[in-house]
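Input sequences plus hints: build the corresponding full structure.
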Amino acid sequence: MIVSAKAEEILESLWISTEEKGEDAAHFERLGIAPTDEGLAELVRLAFVEVHGEWVRLRKEGREEARMTVRRHRLAERLMMDILDIKGASGDERACEFEHLLHHGVDTKICTLLNHPTTCPHGKPIPPGSCCEQARQDGEVGVVALTELKAGERGEIAYLAATDVSKMQKLMSMGVLPGSDLLVTRTFPSYIFKVGHSEFAVDGDLAREIFVRKA
Amino acid sequence: MQKEPQAEKKIILVGNPNVGKSVVFNSLTGSYTTVSNYPGTSVEVSRGHCQIDSENFLVLDTPGMYSLLPITEEERVARRILLEESPHVVLHVIDARNLERMLPMTLQLIEAGLPVVVLVNIMDEAERIGMQIDIPLLQEKLQVPVVGGAMGRGKRGLAEVREAIGQYRVGKATFTYASDLEKDIQKISALLLGDYILARRSLTLMLLQRDDEIAQRVRDREGDRYAGVESAVNDTIFARRVDLHLRISLERKRICKGLLDGVVTQRSGQQPALVDRFSAWTMNPWTGVPLLLLVLYFGLYQFVGGFGAGTIVDFLEGTVFEEFLNPWVIGLCEKYIPWYWLNELLVGEYGLFTLGVRYAFAIILPIVGTFFIAFAVIEDSGYFPRLAMLVDRVFKKIGLNGRAVIPMVLGFGCDTMATVVTRTLESSRERIIATLLLALAIPCSAQMGVILGLLSGVPGALVVWLACMIGVFLLVGLLAAQVVPGERPMFYMEIPPMRMPQLQNVLVKTLTRMQWYFMEIFPLFMIASVLLWAGKLTGALQWLVEAFNPVMRLLGLPHEASAAFIFGFFRRDFGAAGLYDLQTEGLLDPVQLTVAAVTLTLFVPCVAQFLVMQKERGWRTSLVIFFLVTGLAFSVGWALNRFLLMTGILA
Numbered sequence: 208m209i210v211s212a213k214a215e216e217i218l219e220s221l222w223i224s225t226e227e228k229g230e231d232a233a234h235f236e237r238l239g240i241a242p243t244d245e246g247l248a249e250l251v252r253l254a255f256v257e258v259h260g261e262w263v264r265l266r267k268e269g270r271e272e273a274r275m276t277v278r279r280h281r282l283a284e285r286l287m288m289d290i291l292d293i294k295g296a297s298g299d300e301r302a303c304e305f306e307h308l309l310h311h312g313v314d315t316k317i318c319t320l321l322n323h324p325t326t327c328p329h330g331k332p333i334p335p336g337s338c339c340e341q342a343r344q345d346g347e348v349g350v351v352a353l354t355e356l357k358a359g360e361r362g363e364i365a366y367l368a369a370t371d372v373s374k375m376q377k378l379m380s381m382g383v384l385p386g387s388d389l390l391v392t393r394t395f396p397s398y399i400f401k402v403g404h405s406e407f408a409v410d411g412d413l414a415r416e417i418f419v420r421k422a
Numbered sequence: 026m027q028k029e030p031q032a033e034k035k036i037i038l039v040g041n042p043n044v045g046k047s048v049v050f051n052s053l054t055g056s057y058t059t060v061s062n063y064p065g066t067s068v069e070v071s072r073g074h075c076q077i078d079s080e081n082f083l084v085l086d087t088p089g090m091y092s093l094l095p096i097t098e099e100e101r102v103a104r105r106i107l108l109e110e111s112p113h114v115v116l117h118v119i120d121a122r123n124l125e126r127m128l129p130m131t132l133q134l135i136e137a138g139l140p141v142v143v144l145v146n147i148m149d150e151a152e153r154i155g156m157q158i159d160i161p162l163l164q165e166k167l168q169v170p171v172v173g174g175a176m177g178r179g180k181r182g183l184a185e186v187r188e189a190i191g192q193y194r195v196g197k198a199t200f201t202y203a204s205d206l207e208k209d210i211q212k213i214s215a216l217l218l219g220d221y222i223l224a225r226r227s228l229t230l231m232l233l234q235r236d237d238e239i240a241q242r243v244r245d246r247e248g249d250r251y252a253g254v255e256s257a258v259n260d261t262i263f264a265r266r267v268d269l270h271l272r273i274s275l276e277r278k279r280i281c282k283g284l285l286d287g288v289v290t291q292r293s294g295q296q297p298a299l300v301d302r303f304s305a306w307t308m309n310p311w312t313g314v315p316l317l318l319l320v321l322y323f324g325l326y327q328f329v330g331g332f333g334a335g336t337i338v339d340f341l342e343g344t345v346f347e348e349f350l351n352p353w354v355i356g357l358c359e360k361y362i363p364w365y366w367l368n369e370l371l372v373g374e375y376g377l378f379t380l381g382v383r384y385a386f387a388i389i390l391p392i393v394g395t396f397f398i399a400f401a402v403i404e405d406s407g408y409f410p411r412l413a414m415l416v417d418r419v420f421k422k423i424g425l426n427g428r429a430v431i432p433m434v435l436g437f438g439c440d441t442m443a444t445v446v447t448r449t450l451e452s453s454r455e456r457i458i459a460t461l462l463l464a465l466a467i468p469c470s471a472q473m474g475v476i477l478g479l480l481s482g483v484p485g486a487l488v489v490w491l492a493c494m495i496g497v498f499l500l501v502g503l504l505a506a507q508v509v510p511g512e513r514p515m516f517y518m519e520i521p522p523m524r525m526p527q528l529q530n531v532l533v534k535t536l537t538r539m540q541w542y543f544m545e546i547f548p549l550f551m552i553a554s555v556l557l558w559a560g561k562l563t564g565a566l567q568w569l570v571e572a573f574n575p576v577m578r579l580l581g582l583p584h585e586a587s588a589a590f591i592f593g594f595f596r597r598d599f600g601a602a603g604l605y606d607l608q609t610e611g612l613l614d615p616v617q618l619t620v621a622a623v624t625l626t627l628f629v630p631c632v633a634q635f636l637v638m639q640k641e642r643g644w645r646t647s648l649v650i651f652f653l654v655t656g657l658a659f660s661v662g663w664a665l666n667r668f669l670l671m672t673g674i675l676a
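Top line first, the protein sequences correspond to chains A and B. Here the first sequence is numbered in my numbering, starting from 208 and rising by one per residue. Here the second sequence is numbered in my numbering, starting from 26 and rising by one per residue.
Just so you know, the hints here were simulated from the structure itself, not pulled from any lab data. Watch out, some of these pointers could steer you wrong.
What the hints assert, rightly or not - Far from chain A by the CB rule (all over 12 angstroms, computed), these chain B residues:
#, residue
1, Q168
2, K180
3, F263
4, F340
5, E342
6, L367
7, G394
8, V531
9, W541
10, V576
11, L612
Claimed, not checked - Some chain A residues near chain B, calculated using beta-carbon distances under 7 angstroms:
#, residue
12, S380
13, G403
14, L413
Glycine residues also receive a C-beta, built at the ideal position from the N, C-alpha and C atoms.
What follows is the structure in structure tokens.
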């Protein structure tokens, strides 16, 4: 079941007030709504919330929906900042619009694409979804930057994040290609890794652009 | 450049860096080789000759390249040679240990329709790490001659290479990519109707990867038809915008995997050899820095400073020239040449023989020669990439990356040559900063030899001098990194395996550098002698020296020192040697000596270096650097004099 965008905004604020700030209920003013708000009426009809005077309380039945709404919002923020590189106020705005589209499993896909992040760009926790739980049980580490590997760890090169095409071409022609196995032998003062029988040294900036599926 | 007979067939050596290409080149050609810039470029190409079955071949050694698609200037030149020289055979040298990584380029060469012979080199090392390579099977699959060898060890495989070159027959293997990619390649190569050296299929792939030089060549050949080619290429690039480069690379990798199937077998469970552990030590800062100091102490201080600048110079200068040659030549001139001015020109105070030839052969030759030997030994062992990795973080702070350590270290031999080598740096920002630092704070071996000798008599002076050099180097580097515009450099480098330096490589590298040094620098010695001679006769020198006296006074130096600074510009080491004379005459106290040495080391590079700077960086940049360096040298000298007098250090 999908609630309206307005109702989602209310649920989100309610979750933050009650679950993260430990308050019992949230005032109309806090939620930025009037008593006649359509979204509120919708939530009351679904028995997700109850209204006491000017205070709104999140019911047990609405908790899961609220939790997932917050999750979608923060995933959208991460997507804006990390992948689409839209930062600051404009990123926040786009994320607010975008979160309402993350239904029907799209959230799961984005969560997997982002490698199951645990916090939003502002440092708040992202409530884990079933995909995160599944990944944890399977012991998946997903794809991480080369900088996340310690000396002695192995992995398979997943992809090269191209910011400078000619440098990426250089790496590719030296044989640093997706699908190749890689062994990190040093991480300081520079990153040193072996591909096949060859050894390469790269600095942190470049290491951050080589993404590895940990073995 | 000498003219080559038209009929001589060409053998072109290509391959990645660090696969032993130059050893192969030396084994093929023997000793008669010339190194010169490839026409119109700044990249050096070695040429030599060899005879196979009584037929003469011209052998060209190209700079290392990773792919037919060039990124660096060296790779561009290597490819131009392939495009323009119409080779009889292209000898692709590859590293047996890294077949999977090197074969994609073999593939590209064969795909381009070039007459390829593959030399799988370094077989001995591959066998040591438990690899077995089925060379006949690889040859069958590639359909070009494949030879296994280990050129560094007893020239294994040389006879087979010569045989393969002598009886070359063109093979005709084609490697097919995935069908969707093939369709695009066919579509575009069908549009190429002109005459080309490279196969159309290969041209198409390079066009698709946005190779401007190939696009230009195709435009020239196709004329009006080019618009059609361009739009077909652009359509395909757009349609495959997501992953075209990657697809091509991965397809090649897939094909190579298939080629290697059954060719390579690997025994596992090898113990890391001592050399691998040693390699790890050089890259760990805790062990790497002490090792670096050891290398500097024995390589530079003991071998170059002690043996070259001490023992050999003493013998050549003190014994050979002072006791035998000089009196003999001077006597000869006085006996047969009645004119004062000519006598002065030849054997006077600044005479061509007494100053020019004597300095060149008795002082510079041993110092620079020993330095180049030490440099070649270190270079051949594979230590430099490890050093580059070790210093990368520090060099980033001064706007360079680890790669710049090679021209910097070379600068301790000859700053002029090092300024030429800054070409290998990637961005113009790095090249400017490196040029500035070389001009300012890196003393060349000739200068250092004299300065070490000069300061070694005064306890503490060497420490002050060293502290000043390091301080100025870092400070100016930090500032330059802030001021010079451009992007932050990135560091990536292949780390070749460590190995025992090979005598032949060391000799060839040393001789090549010595040859360059004498061709470029020796005439300047002579010009400098003539200029000084003319200056002395006309009185211009005296005037210039006097004009410099106030500056000397500011630095607290006796006015005799100004001659050293004037000469310093003609040769950095002339200046230092001038100070040496002053010291032996007892004209300098420890403070003055230190101030003079610091100022002179920082002071304007020699004439040769300035000319090279101008050639490499242009008038504007080189003049800015010139004035900056001069200003800095004297301000640091002035400040140091004040500081030393105030604190009483060295007093």
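Here's how the hints hold up against the structure:
1. Q168: With a cut-off of 12 angstroms, Q168 of chain B remains clear of chain A, as the shortest Cβ separation is near 23 angstroms.
2. K180: The claim stands: K180 of chain B keeps its Cβ more than 12 angstroms from every Cβ of chain A (closest is about 23 angstroms).
3. F263: 15 angstroms, holds
4. F340: 42 angstroms, holds
5. E342: At about 43 angstroms from chain A, E342 of chain B clears the 12 angstroms cut-off, so the statement holds.
6. L367: 59 angstroms, holds
7. G394: 31 angstroms, holds
8. V531: Holds: least Cβ distance 23 angstroms, greater than 12 angstroms.
9. W541: Holds, because the least Cβ-Cβ distance between W541 of chain B and chain A comes to about 28 angstroms, which exceeds 12 angstroms.
10. V576: 42 angstroms, holds
11. L612: At roughly 46 angstroms from the nearest Cβ of chain A, L612 of chain B sits farther out than 12 angstroms, so the non-interface label holds.
12. S380: 4 angstroms, holds
13. G403: OK, holds: G403 of chain A within 7 angstroms of chain B, min 5 angstroms.
14. L413: 5 angstroms, holds
When held up to the earlier numbered hints, the structure conflicts with none and fits them all.
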